[in-house]
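Just need the whole structure built from these sequences, with the hints factored in.
Number of protein chains: 2
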Amino acid sequence: MPGTPVDFSHGDVNATAFEPAPGSLEAFVQGVHRGGGQAYTEYRGDASIREKLALNLADFSGKSVSAAEELIITPGTQSALFLAIASTVTAGDKVAIVQPDYFANRKLVEFMGAEMIPVKLDYLNGSANAGLDLNELESAFKKDAKVFLFSNPNNPTGAVYSRSEIGQIAQLADRFGATIIVDQLYSRLLYEGQSYVHLRSTLADEANVVTIMGPSKTESLSGYRLGVAFGSARIVQRMEKLQAIVSLRAPGYCQAVMRTWFSEPAGWLADRINKHQAIRDELLAVFRGIEGVAVRTPQAGS
Amino acid sequence: MPGTPVDFSHGDVNATAFEPAPGSLEAFVQGVHRGGGQAYTEYRGDASIREKLALNLADFSGKSVSAAEELIITPGTQSALFLAIASTVTAGDKVAIVQPDYFANRKLVEFMGAEMIPVKLDYLNGSANAGLDLNELESAFKKDAKVFLFSNPNNPTGAVYSRSEIGQIAQLADRFGATIIVDQLYSRLLYEGQSYVHLRSTLADEANVVTIMGPSKTESLSGYRLGVAFGSARIVQRMEKLQAIVSLRAPGYCQAVMRTWFSEPAGWLADRINKHQAIRDELLAVFRGIEGVAVRTPQAGS
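Chains as they are written, first to last, in my numbering: chain A, 786 to 1087; chain B, 786 to 1087.
Simulated from the structure, these hints should not be mistaken for lab results.
Fair warning: there could be bad hints in the mix.
Note that identical chains are pooled: a pair holds if it fits in a single copy or bridges any two copies.
[Unchecked claim] Listed below are the simulated DSBU-like cross-link pairs for lysine-lysine, each with C-alpha atoms no more than 30 Å apart in a straight line:
1) LYS931 - LYS892
2) LYS905 - LYS931
3) LYS905 - LYS1026
4) LYS927 - LYS1060
5) LYS1060 - LYS928
6) LYS931 - LYS1026
The structure displayed is predicted, hence computed values, not measured ones.
Structure, rendered in structure tokens:
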């Protein structure tokens, strides 16, 4: 291939990125004016903000969330991932990780002194399914994988898991007593006509499942470093104890910006998604113009 | 003793706390207006802000700091402590910890699966020295303590280590090849006439020493969650690699507030310290009025 090679394995956004969602700075300033009470929240985050988020996230994910017990605000989804892994995995444990998936997942497992069991995502075959090799996942659980960590939509491919895949993942984890950590960071950024199944909405018992999200991507609020984890009260409690020694809490003033999340002006989200979709389509046209390069149409994500 | 018992072992600040240092919110807003470049800084923090901080911290601590290699901005000093410990300690290691000291130190050691070796601070005996039992410290190093973690000013007692103590700590650690992590969070909050020796200023070689500070206390900027670690380039590099999976970075917009640190208006710091000193004196009078209660006059801290 002619031209300058570009490494897309890790991308950060530069100064010409999308604007943060409207009202974010105003919400921050209101937080500052609230004073010390906003600076020193509970480690799991300000109670009244958790109340609002619990309602939003229940509505979004199709299953209730207890603001008191099932939700923690973290300094970014990276922190939520770290805390979730560090609360469920210890040295010598085995963790099933999708290949490919978010680049830091493997590093988190390594930091804990745990062992990664790769599970292949055959993303180029098919678009109805994300393409997870469910036999490999079952085999990972048979080899005693204690935790399954995956992103949905898959980061980096933009593949979205089907209802059938989500159901089988949940069933397998339940059968083997494994914990599921599902990183749904891009789950609001679904391209036109794309459906989405929240794993937690399919469960009767969420004791071993935690869902991670945040407003850094679709909403471009990454400068505030905000994320959430919700689901299992047991795991959330462990995460809070760990947050107390890792970072204390998400920055108190920044937490106030969470009041704008899921409360954007009418039409704003659709417009933002359209803009991402235009970029996707432009890039797809470029890649599809290169002979010998196979590309799956991303169904979601940036 | 009559009256209602109060547990002072852990304190947070409430809504009637001191105001944040002047200019902090304005600096934050300027950061937001800088856009994506301020949101997505290097993991160790924005380069131009590190340039400024390196000069401030060199001036303050009496020894040069390389902005490129010897400084990392973290989401709070708690994060700096976590990253410093997690970058220098692994399961089975021994860590020397002062008793009493910051309550989370022990928990950090436990999280790493390491073993704590306590070193007594006899803070009630004497005010010229903090009262560290240097024989116990030597004995800890003889038992293979790989790291010595301590706060100066000591948190919670407000005792300040003397030049002689700092010199002996540095000498012992050097003799045994141990790493020193010194938490100087309260080192700007020195009461009237109090001198202070920065451990790093006494060293020819800082390869095994990292100093931690932040603007959460004296400057009341805790709502922004900001801290720094500086010193050993090797440890700072490990801390940055770990930060990439723990929290990515201190919130980008919040980092902009660091531009106000060590640049407060003339007289502001002295006035803030006087206000803390008045509280100290009021509390000392109360405690000294209770028969059988021994109290050391805090030389620094909140």
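Give me the numbers of the hints this structure contradicts, sorted from smallest to largest. Violated hints (numbers, rising): 4, 5; every other hint is consistent with the structure.
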